[in-house]
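For the record, the sequence lines run as chains A and B. Oh and the first sequence: position 59 is 1333 in the numbering used here, straight run, nothing missing. Oh and the second sequence: position 11 is 74 in the numbering used here, straight run, nothing missing.
What the hints contain is simulated information worked out from the structure, not anything from laboratory work. Keep in mind that a hint or two might mislead.
Over the 12 Å line for every Cβ pair with chain B, so calculated as not near, a few chain A residues [stated by the list, open to error]:
#1 PRO1318
#2 THR1345
#3 PHE1349
#4 ALA1366
#5 CYS1378
#6 SER1398
#7 VAL1418
#8 GLN1424
#9 ALA1428
#10 GLN1456
#11 ALA1458
#12 ALA1491
#13 PRO1507
Pulled a few chain A residues facing chain B out of the computed Cβ check, cut under 7 Å [said to hold, decoys possible]:
#14 PRO1365
#15 ALA1368
#16 MET1376
#17 PHE1468
#18 LEU1485
#19 CYS1488
From the three backbone atoms N, C-alpha and C, an ideal C-beta is built for every residue, glycine too.
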Amino acid sequence: MSAVLYHGEPNGASLTVLAALAQSGLDIECRPIDLLSGERHALPGISDPIALDLCIEGEGPVLVIDGEAMTESVFLAQYLDEAAGGAGLQPADAYARWEMMMWCRQITERLSPAAALLGNLATSQHAIACIPDIDFANLTACIVSDDLRQRWQALKDDVVDSAQIADSETKVASAVERCEKQLADGREWLMGTFSIADLVTCSWLAGMQLLRPCAFAQAPLANAWLARTLAQPCVAAALARSTVSEPLRAWAPGPEINRWG
Amino acid sequence: MDEVTLYHWEPNANSGKPMLALMEKGVPFSSHYIDMLQFDQHKPEYLAINPQGTIPAMTHDGLVLTESTAIMEYVNDRFDGPDLMPSDAQDRWRVRWWMKFMDQWLGPSFSMIGWSVFVGPMVRQRDPAELDAAIERIPLPERRVAWRKAINGDFSTSEMAESRRRVGLGIAKLEEELGKRPYVGSHQYSLADINIFNSTYSLPLSQPDLAGKDKTPNIMRWLKRVYTREAVRKTWAMGKTDLAHRYGLIMAEIEA
């Protein structure tokens, strides 16, 4: 079996999967790629690209196993946990697993697009806008997904929708409140035991602590939990793979905002 | 073990997923039909079960579960019966990937088209004041927006065009996938088949320009395999609207 994990800087979706890999103990080669140079859309040796071409998550990590491109960070974390024979990232009880998956879906549907929008506007929009038009055209020509290409184009064109920004800020604040409420019974981790829910939530919220600190002002439990999660050995190992000084400020076009209902 | 109670609409789209999963596993359940077109899902008696007012919902052992795909995973994990997830980890990843692709990318496009041509026109006939009051009772703001758009026919040209683009592309990719394996994402009937079948069972009738024996032979072969399952027939017999009648028409189309 050949396996390579292509990943961006340890933030957002890439942080989740790098941490899950560290927790799993699996020996899988990791190759950092520059997401803002479009390297994710020119990966070698892929014979089955559907999940890369139509990934909903945006510029997330890609695990290539025997030519098949595997995407979506929550499912990659589950895969790594299960391929390792159970690395403790998923509860054994069926109802607890349902709770964890419901939590992760809320995060990936609501928080992730919001955080990606705010993060990109703050830190990657300028870099994308500076790409010469001809290079940008070549880069985006490699992106198969029309809707992902449009999110790149919106950043290039500096399209700012104030209603979307306000909505995204609300969603970040809601996610923090949700964590605070979940932790109110004194539990250490979101689902009681350390799980993929902690990895996913931390991966999208930690960068927001830097960009929207006011959302965290009344959330001592969430702040303490974030610090605890970032200090977990698997998360620390993922962050240690960073090639920049502040990986939590590294963003690339992310998931789309819900189209309707 | 406490009884399973399922609150559902037609054996279609989201409601059909846990119905089929329970039926495949052989789990007896008490069925509570929630008439979505009468806004039963926003009435106090149902909001007492699921305050978000979404269907389906399931109760078991004093627990309330929501979200159709997540309910299916619970049903498969919790009960005996045939395993509806493959044993190989990469196959399981693929099953999950396809379910998300349907739930969050392709499904909303099918849904937007379905609501604009079916749900909207059906409920639009009623008294506007009564409809307005019904919409005001919807707990989730985004669902209020969705219902208003459906009832008023407010989907923009570009929104509908994007939905049609996604439906065309999604059908093409599903056809490609089913050329690789007999079932969606794996070599066994799984939750991904149940999930995707519930939104594609009528493709030969609803999207004749995109799906059919000549255009999508892999999808048609797969639909036939799924249609002939006993659990599918039993689940469809629980339908109460014209959707159940359409099932017969589609069967005839597939078997012709």
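Violations among the numbered hints
Violated hints (numbers, rising): 2, 3, 4, 5, 7, 8, 14, 17, 18, 19; every other hint is consistent with the structure.
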